[in-house]
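In order, the protein sequence lines correspond to chains U and G. The numbering of the first sequence is the working numbering, which starts it at 5 and goes up by one. The numbering of the second sequence is the working numbering, which starts it at 122 and goes up by one.
To be clear, the hints were calculated from the coordinates, so they are not data collected in a lab. Be careful, since some hints might not be right.
Facing chain U, from chain G, some residues (calculated, C-beta under 10 Å) [stated by the list, open to error]:
(1) E134
(2) Q174
(3) T218
(4) G248
Covered, in the sense of this in silico footprint (three residues per stretch, anywhere, with C-beta under 8 Å from a C-beta of chain U), are these stretches of chain G [claimed, not checked]:
(5) 203 to 210
(6) 225 to 232
A partial selection of chain G residues facing chain U, derived with a Cβ cut-off under 8 Å [claimed, not checked]:
(7) W128
(8) H131
(9) A133
(10) Y237
(11) L240
(12) D256
Glycine included, each C-beta is placed from N, C-alpha and C at the ideal position.
One-letter residues, chain by chain:
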Amino acid sequence: MSEPVRVDDTLWEIPAAAREDMRVPARVFADADLLAAIRTDRSLEQLQNVATLPGIVEAAIAMPDIHQGYGFPVGGLAATAPPDGVVSPGGVGYDINCGVRLLATPFTHGELDDRRRGALVEAIARRVPTGAGKGGPLALRGAELDAVLEQGPRWLVEHRDVGSDADVRATESEGCLEGADPRRVSARARERGAGQLGTVGSGNHFIEVQRVEELIDRDMAERFGLRKGQVTVLVHSGSRGLGHQVCTDYVRTMDATLGRHGIVLPDRQLSCAPLDSDEGRAYLAAMAAAANFAWANRHAIAHGVRRAISDVLGADAAAGTRQVYDVAHNVAKLEEHGGRLVCVHRKGATRAFPGQPVFIPGSMGTASYVLAGREGSMARSFGTVCHGAGRRLSRTAAKKQVDGAVLLRELEAGGVAVRAASSRGLAEEAPLAYKDVDAVVRVVEDAGLARRVARLRPIGVVKG
Amino acid sequence: MEPTHRWIEHTAELQLELHARSEAAIFRQAVLALRELLEEDAGAATGERVERQVEAEATDRGALLAEWLAELVFLAETERLVPDEARDLVVGEHSVTAVVVGRTREPRHLVKAVTYHDLELHRDRDGWRGNVVLDV
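Using the sequences and the hints given, assemble the complete structure.
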C-alpha cells in the first residue's frame, strides 16, 4: 500500500500517481495516532480503490473514523460529476440512510432518579421493537407503503397522526429526497421492509438515553435548544430490510452492466453505472425511496420514544420533547459544490453544511457529540464530517475480549441502564471495539469541518 | 475431505471461507454456515419443519454463491426460515437449485446482505474454495 503524505496537522494524502488506476488522490483527515490505527486494516487500500471511479472529482476523502468495509471503506465520501460520473450503490451501503435523530426532553438528569431512569429505558424497549427482524407497529403495504416511499415521514404526520410537522422540518432534506420512485423498488425489498417501520433492528443500531454533560459552544447549544443536565434521546437506525434489498438488487444489476458501460473496477462491490444511464437513474430513484423510508422509520421510532416518556413521566414531558435534528450518514445526494452539480456519496459520513447540527454517537459507555458544520467542510470535504467513533476491532475480536454479561454489569454499575436483545450483540458493540470518539471529533474540529457544541453522556441504552 | 467453513476476522463485517471436494458441497456447506450464524447458540432445533424450492442464478461462479446465500438470507428475514440442509442440490452453469429444509422460528441474528467484495468460488488443489463477505 502507498504511503500517505502529511499535508497539514489533520490531513494526509496518497497522490493519484500512487497507482495507475487512480484518477484522483486519496485523502484522510486524521492525527498521527488515528492514522496508525487506520493503517492496521485495509481502509486506505479501499479508499484508493474509490479513487478509481469514473467521474470522481477532487479526491476520495476519508474521515478520522474510517475503517475497512467492503468495496468502499466506512467513513468516507466520493463526489462524482456528470456526464461521465457514476453512482455506486456500494458507495451508499446496504443500510440506505442509516442515520441519527436527537430528541431533547424538557426534563433534566437530576429529575430522573434511578428508578425512573430504569423505567424509562424499560418503557422504550417495550414501545420500540428492537432486534433481528422484529415486526413494527406500522405494517404498511401497497399504496400506503408507496406513499411513505415517495413522501417520507410527512405522510405519517398527515395520515397516521405520528409525530409533527415540526419534526419533519427538523430533518435533513425535510425527510424527503426528490425523485423517489416506488416503482424502482423491487417486490422483494417491499416484502422485507413492509412490517419493519418503527423498528430499530440489530447490529450497531440503538436508542440511547443521555444527559448533556458539557456545553462547549454555549451560543450554538442554545440555538439547538440544548442546556446542561438536560436528558436527550439519540435514535440510530436506517431503512431496515427494504434498504438492504434495494442495494442488493442494484449491486447485482450494475455488476452485470459494467462491461456495457466500459467500466473496469478493482473490486466488484464498487459496481456502478453512469449517473445519466438507465441503471444510474433507476438506482437513484430507488435509493431516494429507501432513504425516505428510513426517515419515516426514525420518525416512527421517535413517536414510540415519546409514548415511553409519556408512560413514565407523563403526557406533558412527552409533548415537550422536541426533535433537535435528524441526519443521514449513508446516502448519495445531488448537491452543488464549487459551482457544479455533483453526486456526493456519503458512506458512514454525515452532511455538515455550515450551522447545521451533526450528531456523532460514541459507543455505549462513552460520550457522543453534537457538532455544528463549518465553512471549512464546504471547502475541504464537500460539506461532510465523520459519523461516529469508527470500529477498531472486528466483531469476533470484540467477543473474544468481552463477556456480554460482564459488560452489562459494568455499564449498569457505571450508571447506564441497558436493555439488549442479545448478549452477543452487546459484546460486539463494546466500547473497546471502537476508536476514541474524543480524538475523532477533535480532528474534524481542528480541520475546520465542524465545531463541537455539546458532549452527551449515556445513562440508558436499548440495543437490538 | 470433509466440507468445512470458517469465519475470518473483518473489521466491520463477517467473511466466510468455504472448502469442499465438490462445488455442490460448497453450496451445501454454505447452508450450514448460515444456520450457525442465524442460530448462535440456540440449542435444540425447534419450530415447524418447512421445505422451500430455492433457485439462484448468476453469470459467474462467485456471483452464484452470493446469490444462493442471498436467497437464504431473504427466506430467513421474510419467512423466519432457519435452514438445516439443502437436498437434491443441482449446480448448473448459471444456476443452482435445491430443496432447502429448515424450521420456522425467530432467528437470533439476521444478515443484512451478501456482498460482492472479495467474492470467490473456484477450484483449488484440494477441491473447491469459496469466499464471501456478509454485511451483518
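Hint-by-hint comparison with the structure:
Against a cut-off of 10 Å between C-beta atoms, the interface hint on G:E134 holds, since the closest Cβ of chain U lies about 6 Å away. For the restraint placing G:Q174 at the interface with chain U, the shortest Cβ-Cβ distance is roughly 16 Å, beyond the 10 Å limit, so the hint is violated. The criterion of a C-beta within 10 Å of any C-beta in chain U is not met by G:T218, whose closest approach is roughly 18 Å, and the hint is violated. Taking 10 Å as the C-beta cut-off, the interface hint given for G:G248 is violated, the closest approach to chain U being about 24 Å.
Taking a C-beta to C-beta cut-off of 8 Å, the stretch 203 to 210 of chain G contributes 0 residues in contact with chain U, too few for the three needed, and the coverage statement is violated. Three residues within the 8 Å Cβ limit are the bar, and the stretch 225 to 232 of chain G against chain U gives 5, so the coverage statement holds. For G:W128, the interface hint holds, since its Cβ comes within 8 Å of a Cβ in chain U; the closest pair sits about 6 Å apart. Because the closest C-beta pair between G:H131 and chain U is about 6 Å apart, less than 8 Å, the hint holds.
Of the supplied interface hints, the one on G:A133 holds, with its beta-carbon coming within about 5 Å of a beta-carbon of chain U, less than 8 Å. Hint on G:Y237 holds. Least Cβ distance to chain U is approximately 4 Å, under the 8 Å limit. The closest approach between the C-beta of G:L240 and any C-beta of chain U is roughly 6 Å, which is under the 8 Å cut-off, so the hint is satisfied. A least Cβ separation of about 5 Å between G:D256 and chain U falls short of the 8 Å threshold, and the interface hint therefore holds.
Of the numbered hints listed earlier, those contradicted by the structure are 2, 3, 4 and 5.
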